[in-house]
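Residue numbers (the numbering used here), protein chains in the order written: chain L, 252 to 672; chain Y, 6 to 169.
Don't read these hints as lab results, they were simulated from the structure. What you are looking at is a predicted structure, and each value in this text was computed from that prediction instead of being measured. Hints may be right or wrong, so weigh each one.
Okay, the calculated bits of chain L under chain Y, using three or more residues with CB under 8 Å as the criterion [claimed, not checked]:
#	region
1	306–312
2	414–428
3	486–496
Residues from chain Y that keep clear of chain L, each with C-beta distances beyond 12 Å, as calculated [stated by the list, open to error]:
#	residue
4	Arg75
5	Leu127
6	Ile154
Just so you know, even glycine gets a beta-carbon here, dropped at the ideal spot from N, CA and C.
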Amino acid sequence: MERILLPEIRPAAPVSFADYCAAEGFAALKRALRELSPLEVQQIVIDSGLRGRGGAGFPTGKKWSFVPRDLPGPRYLICNSDEMEPGTYKDRVLLEHNPWLLVEGLILAAYVLSVNHAFIFIRRGYETPAENLRRALAEAERAGFLGENILGSGFSLKIDLHVSAGRYICGEETALMNALEGKRANPRSKPPFPAIKGLWGGPTVVNNVETLSNIPAIIRKGPEWFRGLAAIPEAAGNKLFCFSGQVRKRICVELPLGTTLGEMLEGPAGGMEPGRTFKACIPGGASTSFFTPRHLSVPMEFDSVAKAGSRLGTGAVIFFDERTCMVAATLNLVSFYARESCGWCTPCREGLPFVREVLTRIEQGRGEPEDIEILREHVKFLSFSFCPLAPGAMGPVDGLLRHFEEEIREHIVKRRCPVRN
Amino acid sequence: MIPESLKNELKARVAAALTNREAAVDVMKELQSHCGWLSDEAVVAAAEILGLSTLQVEELATFYELIYRRPVGKRVIHVCDSISCWSCGCDAILAYLRQNLGVEPGGTSADGCFTLVPCACLGNCGEGPTMMIGDTLYGRLTEERVAEILEAERKALASSNSSN
Ligand SMILES: Cc1cc2nc3c(=O)[nH]c(=O)nc-3n(C[C@H](O)[C@H](O)[C@H](O)COP(=O)(O)O)c2cc1C
Ligand code: SF4
Ligand code: FES
């Protein structure tokens, strides 16, 4: 298979400017600035079928097309590199290996959107990726790919790197804009949508690191080629998947979208740890509902995963073996969200600690039969929150109820954890 | 005491930003690395540098995981307790750290060297269990490896004390 983002064998050092250029790096940018109008570049991205890799899977070119072209005043592009969704480490691996794809992708996206000022919002703790980016931005500027009048095209762009101080909610796009403005990072209400009124009130696009890193190859090789990379015709392109949990190979790999879960588990993930059997997994990061052995044939791409009752999310696949108590796993996930709640709205601020409490008593053998109904109601109630954090937190709870109700019931009846004891 | 030179350096950074608030996180981080934590004095200084009220600074300072509004040890140990690390035994690592350092989560060891803080995913999920000390990530932790890392950190702290 052909890989765009991560080669199979990766040297320890990040790709250098010279190596990147030798492998047709910046060819897409040169061609776009010389031959293509911003709208033509946007059309190629629309035709490619590229969907956002940050979690929601929104079509990238379509998102760009929502930005009005005639509003006066500055407009902004933000690269979301906050990556705090548990299980997810793809953007870090990508930036440790090759920061150039993002730099070139950002410049191309800024060209489409007529943005002259872009930001990379990166989490704290990603020191190597941040350092790689600082160096790459400086080198790109020296080479004339950034700054005033890029390659004589009249187009100018400045990219600033913002290093955060750690808080999951900063990854939500409107909270991120508050964070960048130096405000408390609570989400903003939508509408107005960022495409109309975002950072400092200007039209703003937020895209994930992996999304933007795909753009140069799409422009260079064309939309049909990109669509053809996927394993099934309904999907387009490759995707980074990162494995963790009880599998032999806990690695980040680039695979065609639509590769089935079973192919992933037995192939690149190397199977479960010796002597262990597959009980469940989280298919797309902490906010997605569980998959079970029934789902091994599901093609891992946005629509198929949604049809099977979960979400592809960030592509972080976390595998659990038969020794894992699913109530305890869900409790861990809900505890993460309860702690990371930004506190802005009541369903999330009050509801998540309550759900954590209910799961704790079930896990400790103090649960009552009506707790199952209480959990079910809260999956509904928490969808009335201000932003997607709380509904995301209830993704695994929903999965627990749908696939492991028997296991919950056993906890309640036996008054202890039946898996770990 | 926060030196005037640092204040002036930070004022210059604020002046270069689009709005004064934009540099707030950077200013808090710099002051914290000077003081060890974001002390009351640092909050007042940040407010002055940023042209904000102390309340506005407080509202930001209490939001972030890596801004410390209470005194901490010389090194803060952030141990990931999110799902991937949980699935490979972070509970045991956290228990070992509590015992080794003689502290509860959030506490500082009696010798003032370490503060122990459980934290959200550190983006090192394939290499769990994971912890971060300063800017350094440590993965694939076992009790033995944690003991070695603490020993090395203690030595480094001792030698930086004696050279001061
Ligand atoms: C609570 C929360 C946290 C998020 N964290 C991230 C993140 O760390 N990185 C990211 O790219 N998107 C994150 N998102 C999704 C963003 O809001 C946004 O949809 C995404 O950055 C858009 O990029 P894309 O269209 O390229 O996927 C998060 C969303 C929510 C609700
Ligand atoms: S759902 Fe949670 S994170 Fe989102 S605004 Fe409400 S309190 Fe904040
Ligand atoms: S879950 Fe521990 S580093 Fe991601």
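Beyond 12 Å from every chain L Cβ - status for Y:Arg75
holds, 15 Å
In terms of beta carbon proximity below 8 Å, does the region 414–428 of chain L have 3 or more residues touching chain Y?
Since three or more residues must qualify, the claim that chain Y covers the region 414–428 of chain L holds, with 6 doing so at under 8 Å.
Verify that the Cβ of Y:Ile154 lies farther than 12 Å from every Cβ atom of chain L, and report whether the claim holds or is violated.
holds, 16 Å
Taking a Cβ-to-Cβ distance below 8 Å as contact, does the region 486–496 of chain L have at least three residues touching chain Y?
Our answer is that it holds, as 4 residues pass the Cβ test (under 8 Å) against chain Y, meeting three.
Is the listed coverage of the region 306–312 of chain L by chain Y valid when you require three or more residues with a beta carbon under 8 Å from a beta carbon of that chain?
violated (count 0)
Whether Y:Leu127 stays farther than 12 Å from all C-beta atoms of chain L, as the label says:
violated, 6 Å
Checked against the numbered hints above, the structure breaks hints 1 and 5 and satisfies the rest.
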